[in-house]
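Protein sequence lines, in the order shown, are assigned to chains Y and V.
Counted from 1, the first sequence has number 74 at position 74 by the working numbering; the numbering is strictly sequential.
Counted from 1, the second sequence has number 1305 at position 305 by the working numbering; the numbering is strictly sequential.
Note that these hints are calculated values from the structure, not bench results.
Computed from a predicted model, the values in this text were never measured in an experiment.
The reader is advised that the hints may include incorrect statements.
Straight-line distance between alpha carbons at most 25 Å, and here's what the computed SDA-like set of lysine to any residue pairs gives [as the list claims (entries may be wrong)]: (1) V:LYS1230 with Y:LYS59; (2) Y:LYS59 with V:PHE1135; (3) V:LYS1181 with Y:SER85.
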Amino acid sequence: MKINEIPHDQENYKGKSDIHKLLYVTDENGHYRSANSEGWEVENLATRQAWEDQLEQLKEIEQEVQEGLLSPVPYFMKKNLMDISILAGYMGTWKWRVKRHFKPAVFQKLSRNTLARYAQIFKITPEELVRFGK
Amino acid sequence: MEELKTISFSQSNNSSFLHRQHAHCESGVTANLLYHNGISISEPMAFGIGAGIFFGHLPFVKVSGMPGTTFRIWPGYIFKRVTQRLGIKICTQKFGTPAKAMDALDTTLSRGIPVGMLAGVYYLDYLPEAFRFHFNAHNLIVYGKENDLYQVSDPILEHTSLIGREALIRARFAKGFPEPKGKMYYITAVPDKIDYTKAIQEGIKQTCFFMSTPPVPWFGVNAIHLLAKKITAYPRKLTHRQQVLYLGNIIRMQEEIGTGGGGFRFLYAAFLQEAAEYTGNHSLGLLSERYTQIGDLWRSFAYNAARICKSRESDLISYTELGKFLHNIGDKEQHFFKELKKLKW
Chain Y
1 MKINEIPHDQ ENYKGKSDIH KLLYVTDENG HYRSANSEGW EVENLATRQA WEDQLEQLKE
61 IEQEVQEGLL SPVPYFMKKN LMDISILAGY MGTWKWRVKR HFKPAVFQKL SRNTLARYAQ
121 IFKITPEELV RFGK
Chain V
1001 MEELKTISFS QSNNSSFLHR QHAHCESGVT ANLLYHNGIS ISEPMAFGIG AGIFFGHLPF
1061 VKVSGMPGTT FRIWPGYIFK RVTQRLGIKI CTQKFGTPAK AMDALDTTLS RGIPVGMLAG
1121 VYYLDYLPEA FRFHFNAHNL IVYGKENDLY QVSDPILEHT SLIGREALIR ARFAKGFPEP
1181 KGKMYYITAV PDKIDYTKAI QEGIKQTCFF MSTPPVPWFG VNAIHLLAKK ITAYPRKLTH
1241 RQQVLYLGNI IRMQEEIGTG GGGFRFLYAA FLQEAAEYTG NHSLGLLSER YTQIGDLWRS
1301 FAYNAARICK SRESDLISYT ELGKFLHNIG DKEQHFFKEL KKLKW
């Protein structure tokens, strides 16, 4: 990439262009140097697309929580951009146990202790966790 | 190589730490820690000596539901190899509890030593939200304390940042893959004399090994062909939503996360150029030019992939063409590393 080819495609979505990242480019003599870039439309598209997919999935889960098909756990998991293995890591338990807590019937019987641990991981209060979707 | 405008001075614990912005986190942290200890080394040099360039595609390792693709060697490797090759002594620690990890950090900082560490990006609240996914192999330097906040030199940023104790604990003990487990590292002793030529040769030799030798499809140039095959098959095997997300993920690994452009290829070409000047080896200069062209091809690949993402329907022909384009890059890289391996010193 030559210095005059550096893209400067600004992207305000979630503060992406707040960072002016460094690229390595060649000058008119073919000599390498570093220079800052505001962003490139190609990667802006990929970033936005990844985020929009997460938000879309979050909406789908919210719907299922309201319909009583899922407990609030998967909602807050997705809201924190986690997957089951990450959440199980934080809970210090197995994936299949976290997955069981996705069932509203199982969730209702969770101990205060377990609810508090989920709440701490999600940075909310246990009440916010239990009340979500009601 | 760094421009003046990317330099800012920061004072801490009466010892000055110089923050310089770089393209990539680990080679940037390495270059900045070395610089602090009186060894002036550029980021490309650290990246090349540390054998940072790589390619890997692991369809069975799912990272947030998507197959893993990487353009660099595994985390922690660059710092370890650079210090080894330059004869620098380091101390690396991992911890069982946050309390122990933070105590060790505070003690080391009070001795005026800047500390490199692994961190989960999701909890680094000084970064824009756009970048904050669960990625646990980010490197940064903590170089001091200001009231209750820690002073951070994150090499991908233009300036230094501050982070609270709680956020730093969460980042150092992030769960998922890989787990940082509070890992921190710093330099304890540097030699009087350094043989850069030998270090450059060793770095290049190791890179050639990693790119050409592994007899498995997931690593090195083989993996480029593997990914090309997979992409060709996307329209037959995946839903439209998946196809687009998979392609997007490759673009992000190649361009979004600090790579210096073209999936670290320009960074490596810059290393080859600097190595050519340092050793006076003309062939290295020519190889640098060739690798720059390969980097340009990777940029075109990302551009074409993004164009497919933008189109509403999945088009069999465009995926076949993209696969062909990538096979071509794979062939070029294959030849390139063969030549690099044969290089006479």
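Consistency of the hints with the structure:
1. V:LYS1230 with Y:LYS59: 30 Å, violated
2. Y:LYS59 with V:PHE1135: 23 Å, holds
3. V:LYS1181 with Y:SER85: Given pair LYS1181 (chain V), SER85 (chain Y) holds - Cα atoms ~16 Å apart, limit 25 Å.
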